[in-house]
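> Chain by chain, the residues:
Number of protein chains: 2
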Amino acid sequence: MNNVNEAVKKVEYAVRGPLVVKAYEMSKQMEEGKKFPFTELVFSNIGDPQNRGQKPLTYNRQVLSLLMNPQLVSNSAISNIYPSDVIDRAQLMLRYTTNGNGQYTQSAGMPFIRENVADFIQARDGYDCDPNDIYLTDGASIGIKAILELLIRGPNDGILVPVPTYPLYTAVIPEFGGTSVLYQLDEENGWSLDVGALRKNVQEFKKNGGEVRGLVVINPNNPTGTVLTKENIEEIIKFCHEEEIVILADEVYQENCYFPEQFPFHSFKKVLRSMGEKYQNTQLASFHSTSKGIMAECGMRGGYMEVLGFDQDIVQTLYKLRSIFLCPNVVGQLCVDLMVKSPPMGSQSYSMYRKEYHDVYESLKRRSIRLVKTLNKLEGVSCQPVNGAMYCFPQITLPPKAIAKAQELGMQPDALYALRALEQAGLVVVPGSGFGQKPGTWHFRTTFLPQEDEIEGMCTSLKKFHDGFMAEFA
Amino acid sequence: MNNVNEAVKKVEYAVRGPLVVKAYEMSKQMEEGKKFPFTELVFSNIGDPQNRGQKPLTYNRQVLSLLMNPQLVSNSAISNIYPSDVIDRAQLMLRYTTNGNGQYTQSAGMPFIRENVADFIQARDGYDCDPNDIYLTDGASIGIKAILELLIRGPNDGILVPVPTYPLYTAVIPEFGGTSVLYQLDEENGWSLDVGALRKNVQEFKKNGGEVRGLVVINPNNPTGTVLTKENIEEIIKFCHEEEIVILADEVYQENCYFPEQFPFHSFKKVLRSMGEKYQNTQLASFHSTSKGIMAECGMRGGYMEVLGFDQDIVQTLYKLRSIFLCPNVVGQLCVDLMVKSPPMGSQSYSMYRKEYHDVYESLKRRSIRLVKTLNKLEGVSCQPVNGAMYCFPQITLPPKAIAKAQELGMQPDALYALRALEQAGLVVVPGSGFGQKPGTWHFRTTFLPQEDEIEGMCTSLKKFHDGFMAEFA
Chain L
1 MNNVNEAVKK
11 VEYAVRGPLV
21 VKAYEMSKQM
31 EEGKKFPFTE
41 LVFSNIGDPQ
51 NRGQKPLTYN
61 RQVLSLLMNP
71 QLVSNSAISN
81 IYPSDVIDRA
91 QLMLRYTTNG
101 NGQYTQSAGM
111 PFIRENVADF
121 IQARDGYDCD
131 PNDIYLTDGA
141 SIGIKAILEL
151 LIRGPNDGIL
161 VPVPTYPLYT
171 AVIPEFGGTS
181 VLYQLDEENG
191 WSLDVGALRK
201 NVQEFKKNGG
211 EVRGLVVINP
221 NNPTGTVLTK
231 ENIEEIIKFC
241 HEEEIVILAD
251 EVYQENCYFP
261 EQFPFHSFKK
271 VLRSMGEKYQ
281 NTQLASFHST
291 SKGIMAECGM
301 RGGYMEVLGF
311 DQDIVQTLYK
321 LRSIFLCPNV
331 VGQLCVDLMV
341 KSPPMGSQSY
351 SMYRKEYHDV
361 YESLKRRSIR
371 LVKTLNKLEG
381 VSCQPVNGAM
391 YCFPQITLPP
401 KAIAKAQELG
411 MQPDALYALR
421 ALEQAGLVVV
431 PGSGFGQKPG
441 TWHFRTTFLP
451 QEDEIEGMCT
461 SLKKFHDGFM
471 AEFA
Chain F
1 MNNVNEAVKK
11 VEYAVRGPLV
21 VKAYEMSKQM
31 EEGKKFPFTE
41 LVFSNIGDPQ
51 NRGQKPLTYN
61 RQVLSLLMNP
71 QLVSNSAISN
81 IYPSDVIDRA
91 QLMLRYTTNG
101 NGQYTQSAGM
111 PFIRENVADF
121 IQARDGYDCD
131 PNDIYLTDGA
141 SIGIKAILEL
151 LIRGPNDGIL
161 VPVPTYPLYT
171 AVIPEFGGTS
181 VLYQLDEENG
191 WSLDVGALRK
201 NVQEFKKNGG
211 EVRGLVVINP
221 NNPTGTVLTK
231 ENIEEIIKFC
241 HEEEIVILAD
251 EVYQENCYFP
261 EQFPFHSFKK
271 VLRSMGEKYQ
281 NTQLASFHST
291 SKGIMAECGM
301 RGGYMEVLGF
311 DQDIVQTLYK
321 LRSIFLCPNV
331 VGQLCVDLMV
341 KSPPMGSQSY
351 SMYRKEYHDV
361 YESLKRRSIR
371 LVKTLNKLEG
381 VSCQPVNGAM
391 YCFPQITLPP
401 KAIAKAQELG
411 MQPDALYALR
421 ALEQAGLVVV
431 PGSGFGQKPG
441 TWHFRTTFLP
451 QEDEIEGMCT
461 SLKKFHDGFM
471 AEFA
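These protein sequence lines map, in sequence, to chains L and F.
For the first sequence, this note's numbering gives the first residue as 1, with consecutive numbering after it.
For the second sequence, this note's numbering gives the first residue as 1, with consecutive numbering after it.
Derived from the structure by calculation, the hints contain no laboratory data.
Since the structure is predicted, the reported quantities are computational estimates derived from the model, not experimental observations.
Among these hints, one or two may not hold up.
Claimed, not checked - Quick list of simulated restraints, FRET-style, between CB atoms: (1) F/E408 <-> L/P344: 56 to 64 Å; (2) L/Y96 <-> F/S79: 28 to 36 Å; (3) L/S74 <-> F/Y350: 54 to 62 Å; (4) L/N208 <-> F/E231: 53 to 61 Å; (5) L/R273 <-> F/E244: 50 to 58 Å.
Where a beta carbon is used, it is the ideal one built from N, C-alpha and C, also for glycine.
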């Protein structure tokens, strides 16, 4: 092990960390008949809706089935079971791939899909979008990694990363030899982002000889559930423009805004374009994914990024790096196309698609409300409002005896809490220390993705476990 | 551009380099009506069979279509058009994914597929294979990158890379800050690999304070077409064992051996296991892909690696790094399953599958022979026998006037040759300088993937172009 690249040893990724590995082992033992104090494990560690039983959207899967075997398109047996617009859509998509979809595509993705992404962004934001600025990627993570790799030259290059954060960022930045410059979100004010704090962090890092090169901002936020206001985004853009910092806008939860009247999603691109000419050379890379939203096709690894304001030679380098790995996977690309171009009003599949979409969306909203309410009723637990994404990130005030016990075991106190939740209640949540938190505070992250019947049971067993834990260490 | 990571600026990847970009531009202009001295472009720059018109195997695509929409499996319309074993196979594969295939899988890939890969390797080699040693990957490239990242700590870490090489290696090694230690293959002896030369390279690198950490060996070889003998592989293993060098065995063309009686494929794993107890702790990572062979599903980005002899904590680090990107794409994984487990003898799809497989294989063989013969008849061109893979890598003796002309234009002479082949004949080949070659020698790489009618035309226009080029610079 002394022989391994130091940078990779530093990498940590809590969402699939040791606690989750333990949960999988327990799940296996359970199948083999071992008894536990619960009858099933509730995996709330990861934003993977289909894993908790959410069904894929019917239209998407119908189209994909035809794309996998184009011979079906012209088969009369299929025209009896599939709506005609599904067949039309498949035919349209097949027309763009002369020799079928088993080839490598262009490294930035299939041109017709990049055009559809550009149309989608244009319709969403009301501003022009150039397909040449779009790169399809295997999920959003690969795009994020590509931009970070461009930016980071060494340990004096800093990337501003929120605390708490999705741990991809703190994992990848040291992998490229850079430094994560952490900025604390303001929990008491609904986890808001204070640009004054950003400024202080940048100044401090500069004082020590560093240069801040990028800012990671996650909106809607994972794990906090916050949706940024337009005004806040404007401030962030002004700040980054002034400091010549590249904005990495992780917008994979853009469809997951549950109170759009009060807390609508504003893309960084849209806010940037609405600002003065002066700001238009701000460097912005924004990321989207087919893994979240309502389609939630995590396994397909589809995604895209829009890259704005970068020098042309930097974009060429990006293209070159992407080309080594030839192309993003084709089915992920096809999923991006389905995400950005759903069946239009009046088409045969429209009403079923809308119904399925609406049902998932409304259910996610109900479940988020249900879980936040449960959490806020627990002793010593406080959870900020969840306006978006798929997670709650409650703070837990742990009794001194629990903290002492954790120290005795050489664990973080919230890791002890999460371990006990797993062992005693079968709840798989991720300790706050995996995302970062203000020293002396403790949290955990849980999804609200268990289906409606399961989430009821989850709330009950969480309460029971929590009360027991608090009593034990009172 | 001064602001970009130095390591990534150094990266070069010829297979999708500037010449190919130019070819795509010409292709677009052609569509728009521009006239060229030829009527179509022949893309022979990349090992992408379906791009040249090869059809996917019917059975595979039938199964995939059902997996994309499991509702079809139980539909009577489908049982009328699909063989029953296709439906059975889909049902079997669906049974392993309780909540469907839209979820993230385990980071190393779905357990049932890793087991089928292990069975495949066991049947191929006659030695045990542990599914825990198997990692599914998005194509082979991602696995190769993962191992290189583990090995490389800094510029004093060297990786032995053949010359010529598949340029992925020379692209990725500097990306991680390491050094490619180039070893020359022996063209006059059918591009054989001389372990004596390896040893010399290692000693020299050590003398300069370096440590050689890995050896890349490509078998069957891209671009040379060589298939290594068992004896040669034994020598390589002994050498790497002695020097404690990790072997990276790129075996993605293992199905593409066209003279299996004389030049059969021997996997490094099999040869290693056939050697004494003493060698069994040799560190070996071998790579396979769904992009090559006969199924040739390049776009699906499926692949796997088998990792042997590594310390347990290194394997854990590998798993951790893989987990950040959650999982390989699901359809690529499903393609791996289809590759390692084809319809068994006696099943309904068996004879069609075998016929399609056989037809592709025999045609590839015919085309390789056809192209090698054509090349060897050209003035000043010599092409070694092609026993495997998908490429010819002929040497061209360029006239001094052509070399002078290239110098005048600031180009490599073989880049000039390839550029002229594109401009005058519409042939898209890659200059030898993109793969590395002995100083003073010039080559190009071409696939033999154009279909049989197209390859006839290609041979004719190649001869015409070449004769004209040689006459011009005589």
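> Next step is simple, just say for each hint if it's right about the structure.
We went through each hint and held it up to the structure:
In this structure the supplied range 56 to 64 Å holds for F/E408 paired with L/P344, their Cβ-Cβ distance being about 57 Å. Here the CB-CB span from L/Y96 to F/S79 is close to 31 Å, well matched to the stated 28 to 36 Å. In this structure the hint that L/S74 and F/Y350 lie 54 to 62 Å apart at CB is violated, the actual value being about 26 Å. The given range of 53 to 61 Å is respected by L/N208 and F/E231, whose C-beta atoms sit roughly 58 Å from each other.
For the hinted restraint 50 to 58 Å between L/R273 and F/E244, the CB-CB distance of approximately 57 Å keeps it satisfied.
Of the numbered hints stated above, the single one contradicted by the structure is hint 3.
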